[in-house]
Amino acid sequence: MKTLFVDSYYVALRELKKYFRQKTRMIMTLVQPFIWLVLMGNMMSGLTNNPFAAQMLGTGNYLSFMTPGIILMTILFSSIFSGTSIVWDRRIGYLDKLLAAPIKRGAIPFGKTIAAMVQGGIQSIIIIVVAILMGVRFATGLPGILVILIIAMLFSLILAGISLAIASKVKTIETLMAIINFFAMPLMFTSNALFPLKVMPKWLEAIAKVNPITYAVDPMRTLTVTGWSRTILPGIGITLIIDVIVLVWTEFVFKNAVSE
Amino acid sequence: MDKAIIVENLKKTYSNGTEAVKGINFSVDYGEIFGFLGPNGAGKSTTIKVIIGLLRPTAGKVYLDGFNIEENPYEARMSKGYASQETSVDDRLTAYENIYLQGRFFHLDAKTIEKRAKDVLEMFGLWERRNDLVDSFSGGMRKRLDIAGALIHEPKILFLDEPTLGLDIQTRHAIWNYITDLQKNLKMTIFLTTHYLEEADALCDRVAIIDHGEIKAMDKPGVLKSSIGGDIITLTFSNDKGKTDSFLPIIKEIDNVKSVNPLKNGIYQIVVSKNGDEVIPVIFSLAQQKNINITSVRLKRPTLDDVYLKYTGTTIREAESSREEIAKQRIMMRRMRR
Chain H
1 MKTLFVDSYY
11 VALRELKKYF
21 RQKTRMIMTL
31 VQPFIWLVLM
41 GNMMSGLTNN
51 PFAAQMLGTG
61 NYLSFMTPGI
71 ILMTILFSSI
81 FSGTSIVWDR
91 RIGYLDKLLA
101 APIKRGAIPF
111 GKTIAAMVQG
121 GIQSIIIIVV
131 AILMGVRFAT
141 GLPGILVILI
151 IAMLFSLILA
161 GISLAIASKV
171 KTIETLMAII
181 NFFAMPLMFT
191 SNALFPLKVM
201 PKWLEAIAKV
211 NPITYAVDPM
221 RTLTVTGWSR
231 TILPGIGITL
241 IIDVIVLVWT
251 EFVFKNAVSE
Chain C
1 MDKAIIVENL
11 KKTYSNGTEA
21 VKGINFSVDY
31 GEIFGFLGPN
41 GAGKSTTIKV
51 IIGLLRPTAG
61 KVYLDGFNIE
71 ENPYEARMSK
81 GYASQETSVD
91 DRLTAYENIY
101 LQGRFFHLDA
111 KTIEKRAKDV
121 LEMFGLWERR
131 NDLVDSFSGG
141 MRKRLDIAGA
151 LIHEPKILFL
161 DEPTLGLDIQ
171 TRHAIWNYIT
181 DLQKNLKMTI
191 FLTTHYLEEA
201 DALCDRVAII
211 DHGEIKAMDK
221 PGVLKSSIGG
231 DIITLTFSND
241 KGKTDSFLPI
251 IKEIDNVKSV
261 NPLKNGIYQI
271 VVSKNGDEVI
281 PVIFSLAQQK
291 NINITSVRLK
301 RPTLDDVYLK
311 YTGTTIREAE
321 SSREEIAKQR
331 IMMRRMRR
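Protein chains in written order, with the numbering used here: chain H, 1 to 260; chain C, 1 to 338.
Where hints are given, some of them may not hold.
Result set (PhoX-like, lysine-lysine): computed pairs, CA atoms no more than 20 Å apart in a straight line [as the list claims (entries may be wrong)]:
1) Lys258(C) x Lys171(H)
2) Lys243(C) x Lys264(C)
3) Lys169(H) x Lys328(C)
4) Lys3(C) x Lys187(C)
5) Lys300(C) x Lys290(C)
6) Lys290(C) x Lys252(C)
Here are some chain C residues the structure puts well away from chain H; computed CB gaps all over 10 Å [claimed, not checked]:
7) Glu19
8) Tyr30
9) Asn177
10) Val223
The hints are simulated quantities; they were obtained by calculation from the structure and are not laboratory data.
C-beta atoms are modelled at their ideal positions from N, C-alpha and C, and glycine is treated no differently.
Isolated chain H (complex conformation):
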């Protein structure tokens, strides 16, 4: 078990070293949430002037409502590409090199998942800082922000895991991209990340209720807008359960894909 974690650490270290070297990518993760917050925040500010809408959102500040959504959206669109690294590693023969080494095979997808979680955490911190600069006040302060970070990272595990599992089965990056794009957008817009469940039509609400984003965004929003509350527990619990299921599934699919 210890070996699994040590091996995973070095698999993750490789991904992270490369991540920190990509200046453009780092800048984009900074710029993107900024644009979202400014644009959407501005667009929707008219909405929150309507007291009825403000009641729906649970806050008079649409930015506060939206910040958790932006965090998850940014994570969604980065973590879901984790799988590309497996496809690429297979192409350049690095995967064979890893598989021929005496490391635990499970450490390969697990390490890449950890890397995705760390990246997700970094992106979340950036967004939170930008949000604070734009006037968002987190109701639960620094401890709450830490919990938000943890939930965000748990959420990135789900996406990275699914992406890695699919990537272990497909042979080309193009196929992987096609599958990912098919899921990413609908996942985002059938959740309550940008709009409250209350304003959704019944059918959309039904879909949103089985969308993992909804369960991750819920406690994050409570911590941002309302404050400490027991109602954050179901969301965190369900996210954790999905994490475990995805991890087990990813490990199974990967080991299966590399053993002939």
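Dock chain C against the given chain H, drawing on the hints supplied.
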């Protein structure tokens, strides 16, 4: 067990029913350079992948440094280093980072890695460039880095899959020197596959030729070459026919000469069982004594190519490469060409 590699009745049948390897046997001595040759799709890659633990054998046993790869997979993996034909170094890491991670994947501690990394990087002339991104490296440097990384855990056996594929002649010779140095200085056992027969001839103590999943021939390159007929000396005489004819029986008496066959216009072909280069001076001194004029001489020795073609035929293989394989090859070639 006193063999570095032992392969017993190894069979590999893929889940789609393809019998890639049909029960092969061979062993490699410690300190030996063993070449594994064969056309595309002959079972070469499958065999190497089973031995290094990327594929599971369908039947048969493989021992690396005495460890059964299925019963003691950890020890078997630790006993070997592997440099794939794709040259799997990470472009976006520095040379040192590549080596460092490789060391960690082989469970070495930081101190050991620090020391060994310096050794292997110096051995392959890359120490000065250790902090440069591999992205800026030439094909030959990448290959050297890949082999250096494969040695970080001091394996007894080194597997090199097509070590000079896509490299220019100078770089190829440089890699050859590194390989022979490994054998000479570190007593390393080296198992290599190659498509370049002059490479196998120059490097290998023994070669095996595999085709259709079976080993067709296995021996020292020299023995294999002489097994398909010896050297051929072609002589042109400028004397009249009678005088030349009187000289032919004298040639037949020389050691190792098997037959003398007239071709046309005073050109004769002499088949020698071995050492054709030593027979030529003997013919010349005899000819001088008998006042015979030789105007041209040519020595042709059988090459490993002739051996290879004898056992694998001359048909071009329509290798059933998947799209994936072709894409892989293309990327590899592009990476190596600079």
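Each hint, compared with the structure:
1. Lys258(C) x Lys171(H): 57 Å, violated
2. Lys243(C) x Lys264(C): Answer holds: Lys243(C) to Lys264(C) is near 15 Å, not above 20 Å.
3. Lys169(H) x Lys328(C): With Cα atoms ~16 Å apart, Lys169(H) and Lys328(C) stay inside 20 Å; holds.
4. Lys3(C) x Lys187(C): 13 Å, holds
5. Lys300(C) x Lys290(C): Judged against 20 Å, a Cα distance of about 25 Å means the pair is violated.
6. Lys290(C) x Lys252(C): 15 Å, holds
7. Glu19: 14 Å, holds
8. Tyr30: Holds, since 21 Å exceeds 10 Å.
9. Asn177: 24 Å, holds
10. Val223: Non-interface label on Val223(C) holds, nearest chain H Cβ at 32 Å vs cutoff 10 Å.
Of the numbered hints listed earlier, those contradicted by the structure are 1 and 5.
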